[in-house]
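Asks: Listed below are the residues making up each chain.
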Amino acid sequence: MTLFLIILAFLFHTGTGPSVGYGEPPLLSFEEFEPYLHKSNDTTYVINFWATWCKPCVEELPYFEELHRAYQNQPVRVVLVSLDFKHQIETNLLPFLEKHNVESEVVVLYAPNANAWIDRVDSRWSGAIPATVVYRNDDQLFHGEKFNSYRDLELLVESLLKI
Amino acid sequence: MKRIVLPLFALFAGLLLLTSASVSTGGGYQIGDKAEDFKLQNVDGSWVQLSEFIEDGAIVIFTCNTCPWAQLYEDRIIELHEEFAPQGFPVLTINPNDPEVQPGDSFEAMKKRSVEKEFPFPYVFDAEQKVYPKFGATRTPHVFLLSEDLTVQYIGGIDDSAQDASGVTVNYVAEAIKAVKAGEKPDPATTKAIGCSIKVKRS
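Each protein sequence line maps, in turn, to chains B and D.
Using our numbering, the letters of the first sequence map in sequence onto residues 1 to 163.
Using our numbering, the letters of the second sequence map in sequence onto residues 1001 to 1203.
Isolated chain D, as found in the complex (with noise of 0.2 Å):
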């Protein structure tokens, strides 16, 4: 199909994106690219830096309370961790929205999620939402396979069944992990995926 990028559009476009709070297109980590460092606070007060978190490597989600199709994760995401922290890939949560945005994502609500479905793993704020677009996060949730060195090898969704978790075939992140193990390249190292919009602070 034919894609058209007119003068027009694109002025109306760059009007479109002046106006506009949440643009999300184009930047972002690609693969093969090495994360920038972050600390970023955990539900239970503590800080937490990327590069003391990571172990062989980290599996880095950006959620959050509120979405649906984030909250059909959690229990997945649970069991992520429970596979793979003992494996060196524990997983690491990131709440990018803005509480003023959408109320039910705020630090307190973080807390008592994390409280009432005992996440196993931290579930930190990026409250001033300065991590996510380093990432190029823009759904919720989203996930970012980190190896070692902080290099980013696979984006993506959890699973090719989201509705339905009986009905996996694939678990890509699973998949991801066992090629890095390998010394391999995780095939696909994308994935797409439906999640919420990122709720982002209004300028």
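The following block holds chain B by itself, in its conformation from the complex (with noise of 0.2 Å):
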């Protein structure tokens, strides 16, 4: 019976992720996840730093998701980096997503030296999170702390669309 229990458990762990639009996060270095950071294609990115750890991050989580939603039919998007640990992706972030429903777009960032690669996201971010970059082509916003309502982040994103 628990060897038919764990089976099945492994079965339903690998069978199915969590049920977000863009399936498994894919973990990315640096290296990896930096293109994210560079595209020029006339769409505005929304880059959001955070994690499941992080109070703040999972507060203002809902309006990234708000804007995901309104913004479809739109050139936006929104990509969620997790700093979550990597030991806890399994344990914490896909759980996370599945029960948040989470449908934007989810990476996991690892690239453990972080005095490496803060400067290259935006140089007036200290490390902080939650943090997000707003972004399209070659023009290039930044918020370093919690938005304090859908509209504060919504106004970021329109202030460069109407650039």
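It is worth saying that the hints were derived from the structure and are not from the lab.
What you are looking at is a predicted structure, and each value in this text was computed from that prediction instead of being measured.
Hints should not be assumed to be uniformly reliable.
Calculated cross-link-like contacts (lysine-lysine; reagent style DSS-like; alpha-carbon spacing at most 30 Å) [as the list claims (entries may be wrong)]:
id : chain 1 : residue 1 : chain 2 : residue 2
1  : D       : K1039     : D       : K1112
2  : B       : K55       : D       : K1111
3  : D       : K1112     : D       : K1130
4  : D       : K1178     : D       : K1034
5  : D       : K1134     : D       : K1178
6  : D       : K1034     : D       : K1185
7  : B       : K162      : B       : K99
8  : D       : K1130     : D       : K1039
9  : D       : K1034     : B       : K55
10 : D       : K1201     : B       : K55
11 : D       : K1130     : D       : K1111
12 : D       : K1112     : B       : K86
13 : D       : K1201     : D       : K1034
14 : B       : K86       : D       : K1117
15 : D       : K1181     : D       : K1112
16 : D       : K1185     : D       : K1111
17 : D       : K1034     : D       : K1134
18 : D       : K1185     : D       : K1130
19 : D       : K1034     : D       : K1181
20 : D       : K1178     : B       : K55
21 : D       : K1181     : D       : K1039
22 : B       : K55       : D       : K1130
23 : B       : K55       : D       : K1181
With the hints as a guide, bring the two chains together.
Replies: Put into structure tokens, the structure is as follows:
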């Protein structure tokens, strides 16, 4: 019986990932992630750095989900960059994405030497999360703290769309 | 990459700042600045005054109980103290978080954590949140290495491998102390690291 349960759990575990739009998030090195910061295609990218253990990050996550839904038919894309610890992806991140039915694209960044890459994201960033970069081609805005409301996030995105 | 500073955005940013409780950009000590003295209460009830605490220097670290990134470094902070306190560079840890926002960072919780981990250094509470903005601390953990006359010598992370202590190739704080002891300027004098934002009192 125990064996059966283990097998069942195993099948369930490997057979079905979290039911998110983009499937299981890829684990990326900074070099693999960096192209997300430099796309030149007139789309506005909203890149949010977060983790499931970061309270203000989790509080503002619904704003990004709302933005993702509200701008679905416009050239705006949300990417949630998880800094969850590598050993907590299975135990924390995937269950979180499933529970909250996260629809935006999620990637996991595993790049231990943060000093080597924080400035390559944005020189205005201290490294504290949450942090958000909004860019389109060569124009980039940075927000180094939690958004207090969905409207604050939308205003930042709109201010870039108007350029 | 072009960085835009538009009047429109400036206006918007201004509005955001007005509505935001946590304004952490811009201020704070730079390398070479002299830190202002402060006196904060330690978990054992005593008061720690920076100018009295400092020896040949001090490793001031803004940290807390709750941030997983700070937790990753707890043992490494103890090691720093054990290695460098005998050399005149003791560790002073400061919790800058408001416990109303982050209940796990209350003074009581600090006491408990300090006992559990047997911190060999003071763990003081920036209860009025007046010290961390002077330093310009933005996250936990955030290190400021001071020399004897309270001059800021190094600002940044502890080492280059947060998640995996066995993967450390450079211990920035240890290297900075070596430089200061040799009468040289640390290189790098500043580094960046991932950490938790400081939890600011709701206005």
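Asks: If a hint holds in the structure, say so; if it does not, say that too.
Replies: Against the structure, the hints:
{"no.": "1", "hint": "D:K1039 to D:K1112", "in the structure": "holds, 21 Å"}
{"no.": "2", "hint": "B:K55 to D:K1111", "in the structure": "holds, 22 Å"}
{"no.": "3", "hint": "D:K1112 to D:K1130", "in the structure": "holds, 24 Å"}
{"no.": "4", "hint": "D:K1178 to D:K1034", "in the structure": "holds, 20 Å"}
{"no.": "5", "hint": "D:K1134 to D:K1178", "in the structure": "holds, 26 Å"}
{"no.": "6", "hint": "D:K1034 to D:K1185", "in the structure": "holds, 15 Å"}
{"no.": "7", "hint": "B:K162 to B:K99", "in the structure": "violated, 35 Å"}
{"no.": "8", "hint": "D:K1130 to D:K1039", "in the structure": "holds, 11 Å"}
{"no.": "9", "hint": "D:K1034 to B:K55", "in the structure": "violated, 34 Å"}
{"no.": "10", "hint": "D:K1201 to B:K55", "in the structure": "holds, 15 Å"}
{"no.": "11", "hint": "D:K1130 to D:K1111", "in the structure": "holds, 21 Å"}
{"no.": "12", "hint": "D:K1112 to B:K86", "in the structure": "holds, 28 Å"}
{"no.": "13", "hint": "D:K1201 to D:K1034", "in the structure": "holds, 27 Å"}
{"no.": "14", "hint": "B:K86 to D:K1117", "in the structure": "holds, 24 Å"}
{"no.": "15", "hint": "D:K1181 to D:K1112", "in the structure": "violated, 35 Å"}
{"no.": "16", "hint": "D:K1185 to D:K1111", "in the structure": "violated, 36 Å"}
{"no.": "17", "hint": "D:K1034 to D:K1134", "in the structure": "holds, 11 Å"}
{"no.": "18", "hint": "D:K1185 to D:K1130", "in the structure": "holds, 28 Å"}
{"no.": "19", "hint": "D:K1034 to D:K1181", "in the structure": "holds, 18 Å"}
{"no.": "20", "hint": "D:K1178 to B:K55", "in the structure": "violated, 37 Å"}
{"no.": "21", "hint": "D:K1181 to D:K1039", "in the structure": "holds, 26 Å"}
{"no.": "22", "hint": "B:K55 to D:K1130", "in the structure": "holds, 23 Å"}
{"no.": "23", "hint": "B:K55 to D:K1181", "in the structure": "violated, 40 Å"}
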